[in-house]
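Protein chains: 2
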Amino acid sequence: MPSMSHDMDPEAFRKEAHRIADWIADYFAAPDRYPVLSRVRPGEIRAALPSSAPEHGESFDAILSDFEGVIIPGITHWNHPGFFAYFAISGSAPGVLAEFLSAALNVQAMLWRTSPAATELEEVTLAWLRQLIGLPDSFEGVIYDTASITTLHALAAAREVAVPDVRSHGLSGRAEIPRLRVYCSEHAHSSVDKAVILLGLGHEALCRIEADAEFRIRPDALAAALDEDRRHGFIPIAVVATVGTTSATSVDPLDAVAAICARARVWLHVDAAYAGVAAMLPEYHSLLKDAACADSVVLNPHKWLFTPFDLSVLYCRRMDAVRAAFSLTPEYLKTSESSDVRNLMDTGIQLGRRFRALKLWMVLRHFGAAGIRERLTEHIRLARLFARWVDESPEFERTAPVPFSVVCFRARATDEFNAALLDRLNASGEVFLSHTKLAGRYTLRLAIGNLHTTERHVARAWQLIQQLAAELNATSGASA
Amino acid sequence: MPSMSHDMDPEAFRKEAHRIADWIADYFAAPDRYPVLSRVRPGEIRAALPSSAPEHGESFDAILSDFEGVIIPGITHWNHPGFFAYFAISGSAPGVLAEFLSAALNVQAMLWRTSPAATELEEVTLAWLRQLIGLPDSFEGVIYDTASITTLHALAAAREVAVPDVRSHGLSGRAEIPRLRVYCSEHAHSSVDKAVILLGLGHEALCRIEADAEFRIRPDALAAALDEDRRHGFIPIAVVATVGTTSATSVDPLDAVAAICARARVWLHVDAAYAGVAAMLPEYHSLLKDAACADSVVLNPHKWLFTPFDLSVLYCRRMDAVRAAFSLTPEYLKTSESSDVRNLMDTGIQLGRRFRALKLWMVLRHFGAAGIRERLTEHIRLARLFARWVDESPEFERTAPVPFSVVCFRARATDEFNAALLDRLNASGEVFLSHTKLAGRYTLRLAIGNLHTTERHVARAWQLIQQLAAELNATSGASA
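Sequences listed follow chains S and G, in order. The working numbering applies: residue 695 is where the first sequence begins, and numbers increase by one. The working numbering applies: residue 695 is where the second sequence begins, and numbers increase by one.
Some clues are possibly wrong.
No copy labels: a pair is met if it fits in one copy or bridges any two.
To be verified - List time: in silico EDC-like cross-link candidates among lysine to aspartate or glutamate, alpha-carbon distance up to 16 angstroms:
#1 1131 to 923
#2 1028 to 906
#3 1028 to 1110
#4 1131 to 1109
#5 1131 to 904
#6 1028 to 1117
#7 1131 to 1025
#8 709 to 887
#9 1131 to 1031
#10 1131 to 906
#11 983 to 949
#12 1131 to 908
Read the hints as simulated data drawn from the structure, not as lab findings.
Model the full structure from these sequences, guided by the hints.
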């Protein structure tokens, strides 16, 4: 009789694991067999499932049958070659295999001893990546889940440096502490807002600086804002510069911003979550050159480095400030290792941490640096090709430069027309694009970053865009 | 010629996925073939790996060979039946299969439309779990990664309620805002400290209340602290009560604490991360009865609900406060769905979120409620059995009651003797225990929660403990 404390039988696991391996292999062979944007209606998945847990265990046949019949129709397929929304990402096959192993090992890498390999492989892979993007070794790296959390840690460290007793005394009820302020471009990501709110600085503490015509922060406006705030008694604690903004993938002028931060003695955090990896390419060799003067940089391998979600990296020149903000060891987590052992819980708000380095390591080894460069180059080529088609079309216009693999464009028509066009495109099941506003105008975004996307898919997207715009024109009678 | 933008060939993926499926099945069949606590020395893994990324892609043979030869020796095996440290956890086989699927789908569930199934399956499984533990449906659930992040959200919501303009105005430079305070027992988890620090309240704002002889918060001391702080002009914003403290798994008296919080109009957050699932059992039926009056509850299925790490749940009666603290929709994330669609990014600091509900769903379906109850009951039985052996031994003593599946005990000897005993135990490769201090005394902890652990393993642990204590006694000449 098996013990009452038992897992699924290993041979049953083996059988189901093989079945799922085949399902995933078939899925990867044809991720376009499903509509890219899920077509379910709100509440439809919920209604298709029982309202309470089964009393008795069910067979994997039943579970996988519901997975295919109920869950899959409710999936928006981020692997679909027509996924062009937000930032198109790829959880590549080697990364998925690593996640399978990581889930099976189920290690919790809070302390070195709770899995030395998780801690040291993180050091090794982050050193590899740091070299590939050309950051100096004065930057120490650590892995978090998302850029939201990474930027939060960077700004918490900046707060720690600006108000050295903030850890003990906090911010409230202290007349002697003036308002603290953080600066970023009007195009910086909303994670900066959320971090500033969470840290107790108040949303008003975030000063969004005007950008130029190409959506890059204006250094003169930044310098003026810093000066003015100092005159009014505020304490500027950090500037967030972006390499690849979310809407237009614009790049803030790091050289000028870094000079301003150095002069003002303000923490510089560089949000290179999406575009930082482009620094691996000869053409973008100097992309992060001035980030070497930054205090911290965030880069997300789960965005454009083919690593399954989630894996975000903080590179920091002042990890001591992160540790000063967060390290705290209760008795039950004390270990007997020497003090030179690195315990990753010391650099984070999260005590528990998955073994995420494994997937980045397997991705870098499977593709190799040259293989990654090739793929990034191809994505950029496809984006430029699409941009040329837009530029050559009398009916469409580009709304931003294309520094990387995202194209911002719109039909030469009203915002409403463009919004309706987007809805029709996304209803096609063949492509999924998202939108933004640039210079006050509704803008479509075509983001390339998926390993399944080829020139054929980009050409098909352009064909669909033209065709649906023409149809919309015909039905609305409006001029596009 | 394949496109330059391509993933691993699907047939190559299939081959490697089958190979890894077999590796994991073999691993699950004998997780005790490795020493439980890794025996590598600091720096050993790092030294065994190249210092830079390969220029050209490598074969999976090479990658998996290093996985087995370099990484595995550096793994501390959380699946080993002799893993009794911290909280022993199990990423059960059905959960691991779900993680494999989730990694392959690689969906990002920030918005309903970016995968409706991820959002709605989260609602469905959290409703199942809520019913199983007996929380009323006034609690809305949301999944985060870790209890650290869940508790952070709960306390951010409490801050939002106490200082309604904190989101805009923050805490600094405002003479009108008094010091804010948070209360918990001296035995509450360090995640409460980290959250308080991050929120800008300052570590001093955390008032750790004395516990009774059984390590439960003293309600009279809590009430007195609240009164005294109010008299001194502080604003109490939250109390954190714990159901299953980290050291001793003690349970704070929720009824008395809830009454105090209601009277003081203070947010009550219940940290039931480890022990909350025990409420599924008839014997623990009333464990969370008074949590129904709490504002928020955290429960971690990755701890004692057989779900691979990471998956932490916040149940909240005032999710509006969480949304008030965090919801923020930039243009590029606006969607055309009706306002009754739930976008999970509105309840979190993290914009990106993995499809974590899938594993909880598969675990609940595979085991069924009855199957989970059986396993929890068995773990509790094993802990009580071990506790009896300790109680019956003249050489050992228990240092805390055993409300769940963790036994705190020590040799009747010095702290140094017990620390040395722990080191020897952990060097055995057969068991891994951790320690804490209770009432100032060094205490060993034997935590049961792994599905591979049976009575045989617990008996072997007890045998080893006695044997190594006797050996240590003999060599040291000291009396144990």
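Against the structure, the hints come out as follows:
Proximity of residue 1131 and residue 923 under a CA criterion of 16 angstroms is satisfied in neither setting, with 29 angstroms inside one chain copy and 49 angstroms between copies. Taking identical chains as interchangeable, the C-alpha atoms of residue 1028 and residue 906 are never at most 16 angstroms apart, the minima being 51 angstroms within one chain and 24 angstroms between chains. For the homomeric pair residue 1028 and residue 1110, the shortest alpha-carbon distance between copies (15 angstroms) is at most 16 angstroms, but the shortest distance inside one copy (60 angstroms) is not. When the C-alpha separation of residue 1131 and residue 1109 is checked against a cutoff of 16 angstroms, the pair qualifies only within one copy, where the shortest distance is 10 angstroms, while the shortest distance between copies is 65 angstroms.
In this homomeric assembly, residue 1131 and residue 904 come within 16 angstroms of each other (Cα to Cα) only inside a single copy, at 15 angstroms, whereas the closest approach across copies is 55 angstroms. Proximity of residue 1028 to residue 1117 under the C-alpha cut-off of 16 angstroms is restricted to the inter-copy arrangement: shortest distance 13 angstroms between copies versus 55 angstroms within a copy. For the identical chains of this complex, residue 1131 and residue 1025 are inter-copy neighbours only, at 7 angstroms across copies versus 52 angstroms inside a copy, given an alpha-carbon limit of 16 angstroms. Taking the closest pair of Cα atoms, residue 709 and residue 887 never come within 16 angstroms of each other, the shortest separation being 47 angstroms inside a single copy and 45 angstroms across copies.
For the identical chains of this complex, residue 1131 and residue 1031 are neighbours neither inside a copy (53 angstroms) nor across copies (18 angstroms), given an alpha-carbon limit of 16 angstroms. Only within a single protomer do residue 1131 and residue 906 lie at most 16 angstroms apart by alpha-carbon distance; the minimum there is 15 angstroms, versus 59 angstroms between protomers. Proximity of residue 983 and residue 949 under a CA criterion of 16 angstroms is satisfied intra-copy only: 8 angstroms inside one chain copy versus 59 angstroms between copies. Taking the shortest Cα distances, residue 1131 and residue 908 sit within 16 angstroms of each other inside one copy (13 angstroms), while across copies they are farther apart (59 angstroms).
This entry does not satisfy hints 1, 2, 8 and 9, going by the numbered hints stated previously.
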